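Trainee: Take a look at the letters that make up each chain.
2 protein chains.
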Amino acid sequence: MLVQKYKNMLSGKSVIRQLSEFATARGQEIGYENVFDYSLGNPSVAVPQEFTDAMIRLLQEKNPMELHGYSPSLGITSVREAIAASLEKRFGIPYRKEHIFMTSAAAGAIAHALRLVVEEGDEVLIFAPFFPEYRPYIELTGAKLKIVPPDTETFQINFTAFEEMLTDKVKAILINTPNNPSGIVYSTETVQKLADILRAKSAQYGHEIYLISDEPYREIVFAGVDAPCVSKFYENTMMCYSFSKSLSLPGERIGYLAINPACADAETMVNMCGQISRGIGHNCPPSIIQLAVCDVLDKTADLSVYETNMNLIYKELKSLGFTCVKPGGTFYIFPKALEEDSIAFCNKALKYDLILVPADSFGAPGFFRMAYCIATEKVERSLAALRKFVETEYPNR
Amino acid sequence: MLVQKYKNMLSGKSVIRQLSEFATARGQEIGYENVFDYSLGNPSVAVPQEFTDAMIRLLQEKNPMELHGYSPSLGITSVREAIAASLEKRFGIPYRKEHIFMTSAAAGAIAHALRLVVEEGDEVLIFAPFFPEYRPYIELTGAKLKIVPPDTETFQINFTAFEEMLTDKVKAILINTPNNPSGIVYSTETVQKLADILRAKSAQYGHEIYLISDEPYREIVFAGVDAPCVSKFYENTMMCYSFSKSLSLPGERIGYLAINPACADAETMVNMCGQISRGIGHNCPPSIIQLAVCDVLDKTADLSVYETNMNLIYKELKSLGFTCVKPGGTFYIFPKALEEDSIAFCNKALKYDLILVPADSFGAPGFFRMAYCIATEKVERSLAALRKFVETEYPNR
Chain X
6 MLVQKYKNML
16 SGKSVIRQLS
26 EFATARGQEI
36 GYENVFDYSL
46 GNPSVAVPQE
56 FTDAMIRLLQ
66 EKNPMELHGY
76 SPSLGITSVR
86 EAIAASLEKR
96 FGIPYRKEHI
106 FMTSAAAGAI
116 AHALRLVVEE
126 GDEVLIFAPF
136 FPEYRPYIEL
146 TGAKLKIVPP
156 DTETFQINFT
166 AFEEMLTDKV
176 KAILINTPNN
186 PSGIVYSTET
196 VQKLADILRA
206 KSAQYGHEIY
216 LISDEPYREI
226 VFAGVDAPCV
236 SKFYENTMMC
246 YSFSKSLSLP
256 GERIGYLAIN
266 PACADAETMV
276 NMCGQISRGI
286 GHNCPPSIIQ
296 LAVCDVLDKT
306 ADLSVYETNM
316 NLIYKELKSL
326 GFTCVKPGGT
336 FYIFPKALEE
346 DSIAFCNKAL
356 KYDLILVPAD
366 SFGAPGFFRM
376 AYCIATEKVE
386 RSLAALRKFV
396 ETEYPNR
Chain A
6 MLVQKYKNML
16 SGKSVIRQLS
26 EFATARGQEI
36 GYENVFDYSL
46 GNPSVAVPQE
56 FTDAMIRLLQ
66 EKNPMELHGY
76 SPSLGITSVR
86 EAIAASLEKR
96 FGIPYRKEHI
106 FMTSAAAGAI
116 AHALRLVVEE
126 GDEVLIFAPF
136 FPEYRPYIEL
146 TGAKLKIVPP
156 DTETFQINFT
166 AFEEMLTDKV
176 KAILINTPNN
186 PSGIVYSTET
196 VQKLADILRA
206 KSAQYGHEIY
216 LISDEPYREI
226 VFAGVDAPCV
236 SKFYENTMMC
246 YSFSKSLSLP
256 GERIGYLAIN
266 PACADAETMV
276 NMCGQISRGI
286 GHNCPPSIIQ
296 LAVCDVLDKT
306 ADLSVYETNM
316 NLIYKELKSL
326 GFTCVKPGGT
336 FYIFPKALEE
346 DSIAFCNKAL
356 KYDLILVPAD
366 SFGAPGFFRM
376 AYCIATEKVE
386 RSLAALRKFV
396 ETEYPNR
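These protein sequence lines map, in sequence, to chains X and A.
Quick note: the first sequence uses my numbering, first residue 6, plus one each step.
Quick note: the second sequence uses my numbering, first residue 6, plus one each step.
Keep in mind the hints are simulated off the structure, nothing from the lab.
The structure presented is a predicted model; accordingly, all values stated were derived computationally and were not measured.
Hints may contain errors.
Computed cross-link-like contacts, DSS-like style, restricted to lysine-lysine with a CA-CA straight-line distance of at most 30 Å [unchecked claim]: (1) X:K149 <-> A:K174; (2) X:K12 <-> A:K151; (3) X:K383 <-> A:K67.
Just the calculated beta-carbon pair ranges, DEER-fashion [unchecked claim]: (4) X:E55 <-> A:K12: 34 to 42 Å; (5) A:D303 <-> X:E138: 35 to 43 Å; (6) A:Q33 <-> X:D201: 44 to 52 Å; (7) A:K304 <-> X:E138: 32 to 40 Å; (8) A:R204 <-> X:N39: 54 to 62 Å.
All residues carry an ideal CB built from backbone N, CA and C; glycine is no exception.
Hey, can you work out the whole structure from these sequences and the hints?
Mentor: Written out as C-alpha cells, the structure reads:
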C-alpha cells in the first residue's frame with residue numbers, strides 16, 4: 006500500500022553514488038589520498054572566515070528567542086532586502102524584497118519555480134547535457150520533461166532542435182549556466198538568441214514561457230569568459246540561486262529564488278511561493294543561517310583553485326589527444342571518451358584509481374565528467390595516472 | 006499563466022496572522038508589554054545553553070569542509086543512530102537508524118509521511134479541533150481531507166463519528182497529541198481504542214491504514230497526565246517530530262520522521278523518503294544544526310513556565326465561569342466563548358488588548374485558543390484585563 010511511483014524510483018541506482026562508494030572502498034584499501042576521485046561536486050575550499058565569525062557572533066550576542074524564533078515564511082525581511090540590494094547593485098535589475106523568496110538551496114528554489122508555472126500535462130524543456138536531478142524535480146510535479154539534444158561542438162544551445170521542440174505545450178525552460186556537467190558558460194549571443202526566441206514564441210502562442218535559470222555556479226567563472234546575467238535578457242526569468250558553491254556550505258542548504266521584477270505578476274509569484282511551501286513541507290532556511298549568510302552576501306570562498314585545477318587538467322587532456330571544450334566556469338570538465346561507450350571507458354579508468362563519471366545520465370553519452378573540486382596537489386598527481394591509463398588502454402588513439 | 010490553485014490560496018487570509026498584525030500595531034501605540042498577545046505559538050523560553058555551546062564548538066573546532074559539506078539525503082548517519090537509540094531507550098521500541106529520516110521540522114516530516122502512503126483520490130482523516138495547516142498539507146498532495154467532528158466535552162476522539170467516516174477509501178489518519186489547539190493529551194484508553202479500530206478496519210478492508218502522529222509538543226506534558234507513546238500501540242505508525250518547541254528553536258527547522266520498526270516495509274519507507282525529497286525540493290536539515298541538536302537530544306529548554314501559566318489561566322477562566330477542559334500539555338488552552346459566535350467574542354476582547362483566537366479555522370466554532378507561551382508576569386497582568394472584559398461585556402453570563 007506504499008505509493009508505487011516512489012517505490013519504483015528506488016531501483017534506479019545513481020552512477021555517481023556507485024562510483025563514490027567505490028572510491029570510498031578503494032580509499033580504505035590504498036589510502037584515500039591515492040584515489041583520484043573526480044566523482045562528486047562537493048566544494049574543496051573552506052567557507053569564508055567571516056561566515057564562521059558571523060555565526061559565532063549571532064550565537065553569543067543575539068537574544069536566543071529572537072535568533073531561533075520563527076521567521077516569516079518568505080524569509081527574514083532584512084535578508085530579502087539585502088539580497089535584493091546586492092543583486093540590483095551587481096546586475097542593475099531593480100530587485101526589491103518583494104521579488105526574493107528564501108529557499109532550501111537551489112533544489113528548493115527550483116521546486117517552487119516549477120510549481121508557480123507548470124501543472125500536470127505541461128511540458129518543460131531542458132538542454133543536454135544536464136544535471137540528472139532535473140528529471141525528478143520536473144517529473145514529480147506531474148509535468149512532462151523533454152530534453153533538447155546537445156550541441157557537442159560547443160555545448161552552447163542546439164537552437165535547431167530547440168525551436169522544433171518549443172511547442173505550445175511548453176510552459177517553462179530550465180537552464181543551468183555555468184553548466185553542470187559541461188563547465189560551459191552560455192555566451193551573450195546564446196542568451197540573447199534564447200530570449201528572442203522565447204519572446205517570439207510567447208507572442209505567437211499567447212501565453213508566457215518562463216525561463217527558470219539555475220545558477221549555483223554563478224560565482225565560479227574563469228578569467229576573460231563572457232558570463233551574462235540571464236535575467237537581464239528576458240523578463241519572465243526566475244533566478245534560482247544557492248550559496249552552496251560560492252560560500253562552500255552545501256550542507257547548510259540555503260539559497261533563494263529571485264523573480265525578475267519585469268515579470269508579469271512578480272510580487273504575486275513570491276507570495277504564491279509561500280502557499281506552495283505549505284503543500285510541499287518546505288520551510289524557509291534556518292534563521293541563523295539566513296542571518297549569517299546575509300553578513301557575507303558579497304563574499305565568496307577562495308574559488309581560484311578551480312581555475313588552477315581546470316587549466317592543469319585541460320592542458321593534459323589536450324596533450325593526450327582528447328576532444329574537450331574548455332570550461333568557462335564551475336568545477337567540471339566534460340571531455341569526449343576515447344571509445345564510443347563511455348561507461349566502458351570509465352570502468353577501465355578505475356584500474357588506475359581514476360574515478361570518472363560517464364555522461365549517459367547527463368544526456369550526453371560518449372562523454373564523461375570530471376569534478377575537479379579537489380586539492381591541486383592531488384590533481385597534479387592524478388595526471389600521471391591519467392597519462393598511464395590512456396597510453397596503456399588506448400595506445401592507438 | 007500562473008498555476009491557479011496556489012494563486013487562489015492567496016485570498017484566504019489567516020486569522021492568526023491578522024490578529025498577530027493587530028497586536029504588533031497596537032503594541033506600537035501602547036507598548037507591546039501592554040498587549041496581552043495570546044495569538045502565536047512561538048516558544049517564550051531560551052534554547053538550552055548546551056545547544057549554543059555545541060554550535061560554537063562545531064564552528065570553532067571542526068574542519069569546515071566536513072562541517073558544511075553535503076550530508077546524506079536521509080540525514081547524517083551518526084545523528085540518525087543517536088535519535089534511534091534515544092527513542093529506543095525512552096519508549097522501548099527497537100528503532101535503528103534505518104527507521105529515522107531527518108526533516109525540515111514537523112512540516113517536512115508530515116509532507117513525506119503523507120506522500121509515502123496517499124495519492125490523489127485517497128482520503129485522510131483528521132480530528133477536530135486541528136492545526137489549520139493540516140488542510141494544505143493534505144489537500145496539496147491531491148488526497149481528500151475529511152474532518153471528524155470534535156468531542157467537545159473532553160476533546161478526546163469522537164469515536165462514533167470516526168467509525169462512520171473510516172471507509173475503505175481512508176489510507177491514513179493524522180493525529181496530534183498533545184494537541185494544538187485544545188492542549189489535550191490523548192489518554193491510553195483513547196490511543197488503545199484508536200489502534201484497535203484501525204487494526205480491525207485494516208483487516209476488514211485488506212489494506213494498511215497508516216497512523217501519522219504529529220508530536221511537536223511531546224515534551225510539554227503537565228504533572229500527572231497520562232501521555233502514552235502512540236507508536237507503542239499501533240504498528241503502522243509514523244512519528245513526526247520537531248525540536249521547535251522542546252528546544253525552543255522553531256526558526257531552525259529541524260525534526261525527523263520515525264517509522265515504527267514493526268511497520269511493514271519500514272526500511273523501504275525511509276529510503277522512499279529520499280526519493281520523495283527529490284520531487285518536492287526538500288533537503289535534509291542543515292548539517293551543523295543536525296550535529297548540534299544531536300548533542301542535546303535528551304535535553305529540553307526549561308518548559309516549566311508553560312504549566313505555571315496554564316494553571317494561572319485555567320483557574321481564572323473557571324472562576325469567571327468559562328467552560329474549559331484542563332490542558333494536559335502544550336502551551337494552549339481552549340475554552341468555550343461566552344457567546345455562540347466566537348469571532349464576535351474575540352473581537353470584543355480586542356478592546357481590552359486581549360488577543361484571543363477564534364477556533365473556527367481549527368474546526369471547533371464557538372471555542373477560542375490562547376497560546377500562553379509568554380512571560381508569567383504578563384499572564385498575571387492579563388488576568389485583570391480578562392476579568393474586566395468578561396464582567397463588562399457579559400455581565401449576565
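Trainee: Now look at each hint and say whether the structure bears it out.
Mentor: We went through each hint and held it up to the structure:
1. X:K149 <-> A:K174: 29 Å, holds
2. X:K12 <-> A:K151: Judged against 30 Å, a Cα distance of about 26 Å means the pair holds.
3. X:K383 <-> A:K67: Answer holds: X:K383 to A:K67 is near 22 Å, not above 30 Å.
4. X:E55 <-> A:K12: 34 to 42 Å: 40 Å, holds
5. A:D303 <-> X:E138: 35 to 43 Å: Holds - the Cβ-Cβ distance for A:D303 and X:E138, about 36 Å, lies within 35 to 43 Å.
6. A:Q33 <-> X:D201: 44 to 52 Å: 50 Å, holds
7. A:K304 <-> X:E138: 32 to 40 Å: 36 Å, holds
8. A:R204 <-> X:N39: 54 to 62 Å: 56 Å, holds
In summary, this structure violates none of the numbered hints.
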